[in-house]
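Listed in order, the protein sequences are those of chains A and B. Heads up, the first sequence is in my numbering, so the first residue is 1 and it goes up one at a time. Heads up, the second sequence is in my numbering, so the first residue is 221 and it goes up one at a time.
No lab work stands behind these hints: they were computed from the structure. Quick caveat, the model's predicted, so the values are computed rather than measured. Here a beta-carbon is modelled for each residue, glycine too, at the ideal position from N, C-alpha and C. Please note: incorrect hints may appear among the correct ones.
Some chain A residues flagged as far from chain B (calculated, every beta-carbon gap over 12 Å) [stated by the list, open to error]:
1) K14
2) T47
3) W109
4) V126
5) A191
6) G192
Short derived list, chain A residues pointing at chain B, Cβ under 10 Å [stated by the list, open to error]:
7) E7
8) C95
9) L157
10) N159
Simulated pairs of lysine-lysine, DSSO-like, Cα-Cα distance not exceeding 30 Å [stated by the list, open to error]:
11) B:K295 to A:K14
12) A:K15 to B:K295
13) A:K14 to B:K247
14) A:K187 to B:K295
15) A:K153 to B:K285
16) B:K295 to A:K136
17) B:K247 to A:K15
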Amino acid sequence: MTTRIVELRQGILKKNDELARALRGRFESAGVLVLNLVSSPGTGKTTFLERTLRELRTSGARAAALVGDLETDNDARRLAASGAPVRQINTHGICHLEAEMIGKLLDGWELADLEYLFIENVGNLVCPSSYDLGEKIRVALLSVTEGEDKPLKYPTLFNSADAAVITKIDIAEACGFDRDTALRNIKEIRAGIRIFETSAKTGAGMAEWLAYLAGSRSSR
Amino acid sequence: MHELSIVSSIVDSVTESLAAYPGARVKEVRLRVGVLASVVEDSLQFCYGIATEDTPLAGSALIVKSLPIVAFCSKCNTEVELPGVQSFRCPLCDEPVSGLRQGRELEIESIEIEEV
Numbered sequence: 001m002t003t004r005i006v007e008l009r010q011g012i013l014k015k016n017d018e019l020a021r022a023l024r025g026r027f028e029s030a031g032v033l034v035l036n037l038v039s040s041p042g043t044g045k046t047t048f049l050e051r052t053l054r055e056l057r058t059s060g061a062r063a064a065a066l067v068g069d070l071e072t073d074n075d076a077r078r079l080a081a082s083g084a085p086v087r088q089i090n091t092h093g094i095c096h097l098e099a100e101m102i103g104k105l106l107d108g109w110e111l112a113d114l115e116y117l118f119i120e121n122v123g124n125l126v127c128p129s130s131y132d133l134g135e136k137i138r139v140a141l142l143s144v145t146e147g148e149d150k151p152l153k154y155p156t157l158f159n160s161a162d163a164a165v166i167t168k169i170d171i172a173e174a175c176g177f178d179r180d181t182a183l184r185n186i187k188e189i190r191a192g193i194r195i196f197e198t199s200a201k202t203g204a205g206m207a208e209w210l211a212y213l214a215g216s217r218s219s220r
Numbered sequence: 221m222h223e224l225s226i227v228s229s230i231v232d233s234v235t236e237s238l239a240a241y242p243g244a245r246v247k248e249v250r251l252r253v254g255v256l257a258s259v260v261e262d263s264l265q266f267c268y269g270i271a272t273e274d275t276p277l278a279g280s281a282l283i284v285k286s287l288p289i290v291a292f293c294s295k296c297n298t299e300v301e302l303p304g305v306q307s308f309r310c311p312l313c314d315e316p317v318s319g320l321r322q323g324r325e326l327e328i329e330s331i332e333i334e335e336v
């Protein structure tokens, strides 16, 4: 009997990474800007996305959304009210979206007809950070009710994000939200990141966010 | 908490690579896991025992090597190791660091097998 060491040097999420790379190529050649929205449950991803889709439609832009949840199609129905094409992914217990799920859900969609595609991930700040979905921009969202140290507690996600969105700033005062500390903590984990302070309710910060989207599209 | 799906991927990859060594038994699987990989070793170990049952990996040991964050500091013009995951500043000059060179790894480094 002989013992042997076999070098594998293989990424454990290799399959996902390969699928994500293929998706990224598809998105780029179709000219659609893809964003992956990640936050805790209750941050207000859906409300923020509803407002984003509505405003994009008003401005004549073509946007669509994929939304992931463990169960129910409640979020897809809410988002579809904006008039944008929306599809729901139910992961049935899986805590994150994977590239394979995105690929399957795109069947029948003409990507070249879209300018923006938003992927609303499952509410979770841990697992989604390991799974590339082929997005161009990863957005980490944080609401004023969550505590300013969230970026320090979940550095993997915030460090891998391209943009950070603070939601619900209309109730910041009532929550005793310490804005300076929150901004400092985000920058501590990801220097130079773009930060948007928004309220989907009042529309605060939405103009800057929409300008960023348009700019990211044209700088592709 | 996606350790079970990670362990299942490990079982699949290792089983695939065993095709070249018919009848071999796996003694050890060695991983390299960056501190930013969001993976908890205790849960990996817990899931490993369950996921390897009735596979060629049954009874093997899982060795996890943890890798600290290594980043490039453009001011010092050198790679630096960060002491933790709470601050992405250069330990030498305290400036924010840019490119991460290490810390997100989640890979199988090697396996030790016993051939008959």
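query = Which earlier hints turn out false for this structure, listed by number in ascending order?
reply = 1, 4, 5, 6, 11, 12
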